Structure formats: structure tokens, C-alpha cells
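Undergrad: Here is what each chain is made of, one letter per residue.
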Amino acid sequence: MSNGMLNRILSGDYPRSRALSALLVLIGVSLALGPFLFPGVRAFSMLGMICVFIIVVASYDLMLGYTHIVSFAHTMFFGIGAYGVAIATDAFGSGFGAVFIGIGGAVVMSILLSLLLGLLSLRVKAIFFALVTLAVAFAFLSLVTQLYNITGGEDGLAVRSPRELGPAFRPFDSKVPGFSVIDFIAGVFTQGSIGQAFNDAVFEVRVSGRHLMYYITFVVSLGVFLFLLRMVNSPFGRVLQAIRENEFRAQALGYRTVFYRTAAVIVSAVLATLAGVLFALINRYVNPENTLNFELMVFILLMCVIGGMGTLYGAVVGTTVFLLAQNYLQDLLGLLVSNAEPGSLFAELAGPDRWLLWFGLLFVLSVYFFPAGIVGQLRLWAERRRERKAAPAASPLKQES
Amino acid sequence: MSAHDEMIGQTTPPQGVLARFAAFRENKPHIFLLLLMMAVALLMMDPRTWVLLTISGLAMGAMVFLMASGMTLTFGLMNVLNLAHGAFISLGAFAGASVLLWLSSQASEPSLLINLAAILPALGFALVVAGLLGLVFERLVIKPVYGDHLKQILVTVGGSIIIMELIHVVWGPNEIPVPRPEALTGAFLLPDALPVIGGVALEKYRLIAVVLGLAIYGLMTWIIERTRVGILIRAGVESREMVEVQGYRIRLLFLGVFVAGSALAGLGGAMWAMYREIITAHMGDELMISVIVVIILGGLGSIKGCFYGAVLVGLINLYVGYLEPRLAAVATVGLMVGVLMWRPQGLIPVIKV
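Residue numbers (the working numbering), protein chains in the order written: chain E, 1 to 401; chain H, 1001 to 1353.
What the hints contain is simulated information worked out from the structure, not anything from laboratory work. Treat the numbers as computed from the prediction; the structure is a model and nothing was measured. The beta carbon of each residue, even a glycine, is placed where N, CA and C say it ideally should be. Honestly, I wouldn't trust all of these hints.
[Stated by the list, open to error] For the chain H half of the interface with chain E, some residues (derived, Cβ under 8 Å), not all of them:
{"hint": "1", "residue": "V1141"}
{"hint": "2", "residue": "P1144"}
{"hint": "3", "residue": "P1173"}
{"hint": "4", "residue": "V1293"}
[Claimed, not checked] Only part of the chain H face toward chain E is listed, based on derived beta-carbon distances under 10 Å:
{"hint": "5", "residue": "L1081"}
{"hint": "6", "residue": "L1150"}
{"hint": "7", "residue": "I1162"}
{"hint": "8", "residue": "D1285"}
{"hint": "9", "residue": "E1286"}
{"hint": "10", "residue": "I1289"}
{"hint": "11", "residue": "P1325"}
{"hint": "12", "residue": "V1337"}
[As the list claims (entries may be wrong)] EDC-like, lysine to aspartate or glutamate: derived pairs with alpha carbons at most 20 Å apart:
{"hint": "13", "chain 1": "H", "residue 1": "K1151", "chain 2": "E", "residue 2": "E245"}
{"hint": "14", "chain 1": "H", "residue 1": "K1304", "chain 2": "H", "residue 2": "E1238"}
{"hint": "15", "chain 1": "H", "residue 1": "K1143", "chain 2": "H", "residue 2": "E1244"}
{"hint": "16", "chain 1": "H", "residue 1": "K1151", "chain 2": "E", "residue 2": "E247"}
{"hint": "17", "chain 1": "H", "residue 1": "K1151", "chain 2": "E", "residue 2": "E295"}
Just chain E, with the same shape it has in the complex (with noise of 0.2 Å):
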């Protein structure tokens, strides 16, 4: 690939950092091979989640880190995209009319109710926004959960999605080869031997109309993360930035700052009810809990900040890293504390429930100490290193030592 593409691509902003480049790529690949490199019904729901979730905190960093307003409401606007598409699918049935009808609705109802948002607080103050969006978000959530015969209430909806997408479509005959890297990783060094290690870590895939959902879940992805890459890097970007940085002179420069961060609002309120929509089919089933609960939406907030505010990669590392620990962390914790006699403080304190104290503790010292997050961290460390080498002269005991 020439580096003028790659240019276009990333719309000239580099990741900046070798550390983070080989990060990005390694995630890029995980999730490209995802079903080809880790078996298990478990991680294939998480490679699903991942990809979904990048879309959601990517467009909720358009909002929180390049523009710094802070909303409560963008799990309101992934619910909706959910929603939309199994109330569609109960309604007229399992064809992919039923699922445009149903993302219609819902990128519609999403643009009205982001443009009611914006235009009743951003007016005021953008902390009003915060305030108003978590009591809307609110009254959303209860009148879901209280309208049962549309929504289901708390049971939630099973989604009907095209038989082409779920497990009983069988695009081809033969099983395809798998190699899992864990397992490979695992045999190496249990057995010592390679070859045999790489015998057992090959496994068959029976392909079926559920990667046909990942994958065109991963394409989404893929470019609406590129899309909105290239949108923060044109000259609307820039003006959000400027917001950021000081809304009075974006002002005095004659821009209407209230256009400007409704339109921030509105595009990432459909970026999320597109992500609702892609949740709603490779999940196939969605309820209050895993579309709008307030709880969600302070994952969101932790993802975005953990992976670093203004920094679209962030969105993806810090995602990566946050389904990562709410999977995997509850294992380690589990494993942590078998060894402690139960009932102690160690063990309430450390327990696999208790996963999120300390994901709080890590947030509120990340806000501290690292507020630019992990890719905000990783490219300050690679920014010294070029300055080390730029300057070799300036400091030759270093050099020495």
C-alpha cells in the first residue's frame, strides 16, 4: 500500500506511536481473523461486541472528546436503533424489508429527539446538557420497560432477524480451518514441541449465517470509524475543536457554535442507533438491561476516557481493553480469591463481583493522573523518545549511561 493511500485513509492522522501502531494493528487482525483464531461461542459474542461497541464509543468520543459535551442519553439512542429493528421484525416478520423499515424508524426518531436535545440545552449551557440528557435518558428507559405490549418490558424482545444472517443459513458445504493462537500459544510451551502444539490448535469452522453478521458488522465498523476519522480531520472537526478549546472565540470568529455541536449531537446520535441496529441482529435479542441501562452508559464513559477523549483510536483500544477486563477480569478475580478463605476482606473486597470497585478506582486515578487515556499516554511516551533522538547532542552523559 503507497503511503499517499494510507494518507487518505486515516485522513492523515496517525496513530503517532509505534507502541500504539502495533496495538492497533494487532486489535485490526483479532477482530479481520476473529472466528478464524479464537474458538468458543463466548469469544465470538465478544469479537461481535467489540466491533458494535467501537462504533458506540467512537461516536460518543465525537461528542465527549472533541467537542467536551458530555451526554448520558447515547444509550437512549443505541436503544432506539435495537429497538427499532426488533419492534420491526415482531411486526412484519423476518425479511430485510422488515429490518430497513425498522432502521428507518429508528434513525428518524433518533434525529428528532437528538435535534429536541440539542436545541432545548446546548442553547443554554453545556452543562445543562449533561443534567438533561441523564433525566430524558431516564424517562426513555422507563417508558420502554413500562410499555410492555410494544417493547416486551423487561423480558425484552427476541429479534427475528433474515435467515440469512442467523445459524441456520449454511453459505458453504465443507468446514473451513481454524488455528487457535491461544491454544497454539499454550501448547508451546506445555508440550515443547511445535508441531504437535500446531496440530492441536487447528480446529474446523462451520461458517454459517452468524458470520455473515460479524463480518458485515466489522465492514460497518471499520468504516464508520474511518468516517469519522475523516470527519474530525475536516474543517467541521476543526470548528468542534475550536468549541472545545474556547467556545467564546469559535464565537467571535463568527461561527454558530450551537449549529455546530447540535450537528456533533445529531451525527453521533445516528452513529449510535446504527450500532443499536447492528447489536440488535448479531445478538439477536435486546432488552432494558443490555440497551439502556443507566449502568451501559457509564461503561461508554469509561471506555471513551480509559482509551483516551479526542483520540478516535482511543475509542478502540479503550473498548478492546474494557470488554477485555469485564470478561476476562472476573476470571482472574475468581482465581485470585480461591486461594483466600471466603468471608474475609480480602476475599469480599477482591471477589469476581467486585470487578468494577476497582475498574472505578482505575478510572477516577486515570482522570488524575493519565487524562489523556492509554493512547494520550502512549503517544506522549513516543513524542519524548523522538525528542530523545532529535537532540542526541544536547545531552551526551545520557547517551553514556
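Given the coordinates of chain E, assemble chain H onto it according to the supplied hints.
TA: Using the frame of chain E, we list chain H on its own:
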């Protein structure tokens, strides 16, 4: 500003019924909205139900006022938005509940005096625990991020997660039933001789909540309007720099307000625990919505607005909850949206936002 308005009013007194009504609507929007809501509700239900719901709504409003007053003052005084306020409510509820459970022998006696020996320590403990945590929280979590709203929102959300998880660690993940003290259960019957509303049964606990809420509102109003500390708080809300220039340590004043606000949130949580008779660690999150609606409705930083906002939220919750239970939460938020469209600064704006 209000004095200025009155002067204009005196020079050109509004002529005619409609003009006078419009002036009333603009000058006293909180009273206007309250009367309007009560009147509309009265038209939609029979008077006996209306009396019952109004008292219950006032009781709920009184408790929500306790929880919301601290948050509105911390915002007004120091521009600090504390989203962990809900966690203080939960903590107060759990602290109060543990004392009540510990003193359950006193609480289950039918005598009011013996009951008080359980209730007062419970409320006091809730007040002290939430206040102390408020002190620690302000020093450790909020102090480093003064003046940065974004970081405040982030760290207080994180702090809220930590407090809720610690509640899980200490009290376990399950919901806890809270026995309401014996003397507070049951209801008063209005005498039958009264016209229309005779024989309506009013729950004792709700009446007590109304009285306690009014008492604390009165006390706070007295402190803010009549004492030296109150003058400083009001001045600080108007202009922080001017108070600092006069040589007062506004940080200390703010710390005091924050601790008092947290303590009141804890007290409100403990009262809510006795009202609902069951508590979970996440009750604070749910109540936060009412609290947020109240402080936006009243105007950020205004105690009076906070009180009227709380009463409005309590009333609309009960009225709509009676007419169509599924829409109670939507109506609460709808009220906020409506008021924001009418008056973007809230009913009684104190600070310019």
C-alpha cells in the same frame, strides 16, 4: 433584580384581569405552576383522592427536597456538579437502616417515645455517616478538579461507582427490607364531620415527612436569609471572587456547604428507606433523576426554587401515578422539558448559566 421588577410594577400597575394574570405568571412562576397543576389535577379526580394524593405528593416533595438542596447549593456556590450525590443518598439509607435493624426491639414497641430512641439514632447516624463521607469525598475527589466541569462529571461518576460497590461489599448485594417503626405506621382518619374530605385516611409517616421537610426548609431559609454564614453563601453564589476579595475563605465555606449537603442527602435517603421499607444500593441512582429534575426546574443554586421544584415533582409523580401509573417518570421529565422551554433558566434563577 426582583426589586427592580417591583419598581417597574409600581410605576405601571398592570391594568385589567388578563394583564394582572400575566404579571403574576411572570413574577411568581413557581406559585403559578403549583396552583395550575393542583387545579388541573382536581378537575381530573374526585376531591377525596385529590387530598390524599396532594399530601402524599408533598411528603415525597419534602424528602426529595432534602436530597436535592445540597446538590443545588454546591453547584450554585462553587460551580461543582456532583453526580455522586445519589451514592450519598444510598449510603444514608443503608446507614439508617442498619441502626434501625440493630435497635429493632425499640422500633417495634408501640410507644412513640421508645420508637424515637431508635428513629433519632438512625437518622442521626445516616446524617453523620453521609456527612463524614462528604468531607472525605470533597477533599480527595472533588478538590483537585475545581473549575473543570468535564473532569468533575467524570470523577464524580467514578466516585459514585466506587461508593456503590463499597455499599455492596459492606451490606451485600441483596436488597434489604427496612421495618418502619411501629408508631409511624398506620394512618390518621380525618373527622367525618368535615365536608367532602371527611373520613379520608392519611398515612402518619407521610404527614411526619411533610412536617420534617417544612421544618428543614424553614431552618435553611432562616440560615440563608438571616445569619452571617447565610449572607456569605448568598454572596458566594452571586460572585465568588468578590467574597474572596473581602478576605473570606470561600473554600472552607464551600466545604461546610458540601458536608451539610451530603449529610442532608443521607438524611433524605434514610427517610426514603423508612418510606419505601426496602432499599437497594441503586436507589440513589433512581432518586438522582428526581433530584436532577428538581434542581433544573427550580434554577441551579436556588434553595427556594429547589423547594418548589421538589413539591412540583412530588405532586406530578403522585397525580400522574394515580391517573396512569406507567407515565409517572415520563411526566416528571416532561415537566422539566416544558419548564425549560418556557423559562430556560428554571423557575427562580439565581445564577446566570
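Undergrad: Against chain E, run the beta carbon of H/E1286 and see if the smallest gap drops under 10 Å.
TA: holds, 8 Å
Undergrad: Can the restraint linking H/K1151 and E/E245 be considered satisfied, given a maximum Cα separation of 20 Å?
TA: holds, 15 Å
Undergrad: Would you check whether H/L1081 satisfies its interface hint, that is, whether its CB is within less than 10 Å of any CB in chain E?
TA: Because about 6 Å separates H/L1081 from the closest Cβ in chain E, which is inside the 10 Å limit, the hint holds.
Undergrad: Measuring from the C-beta of H/V1141 to each C-beta in chain E, is the shortest one below 8 Å?
TA: holds, 7 Å
Undergrad: Are H/K1143 and H/E1244 close enough, with their CA atoms no more than 20 Å apart?
TA: Holds. H/K1143 to H/E1244 sits at ~17 Å (cutoff 20 Å).
Undergrad: Please work out if H/K1151 and E/E247 have their alpha carbons no farther apart than 20 Å.
TA: holds, 18 Å
Undergrad: Against chain E, is H/L1150 within 10 Å by beta-carbon distance?
TA: Status holds, d = 6 Å.
Undergrad: Does H/P1173 meet its interface restraint, that is, does its C-beta lie within less than 8 Å of any C-beta in chain E?
TA: holds, 7 Å
Undergrad: Verify the proposed pairing of H/K1151 with E/E295, using a straight-line Cα cut of 20 Å.
TA: holds, 19 Å
Undergrad: Does the interface hint hold: is H/V1337 within less than 10 Å of chain E, judged Cβ to Cβ?
TA: holds, 7 Å
Undergrad: Quick check on H/V1293 please, does its C-beta sit within 8 Å of some C-beta on chain E?
TA: At 5 Å from the nearest chain E Cβ, H/V1293 passes the 8 Å test, so the hint holds.
Undergrad: For the hint on H/P1325, does the least C-beta distance to chain E fall short of 10 Å?
TA: holds, 8 Å
Hint compliance for this structure: no hint is broken.
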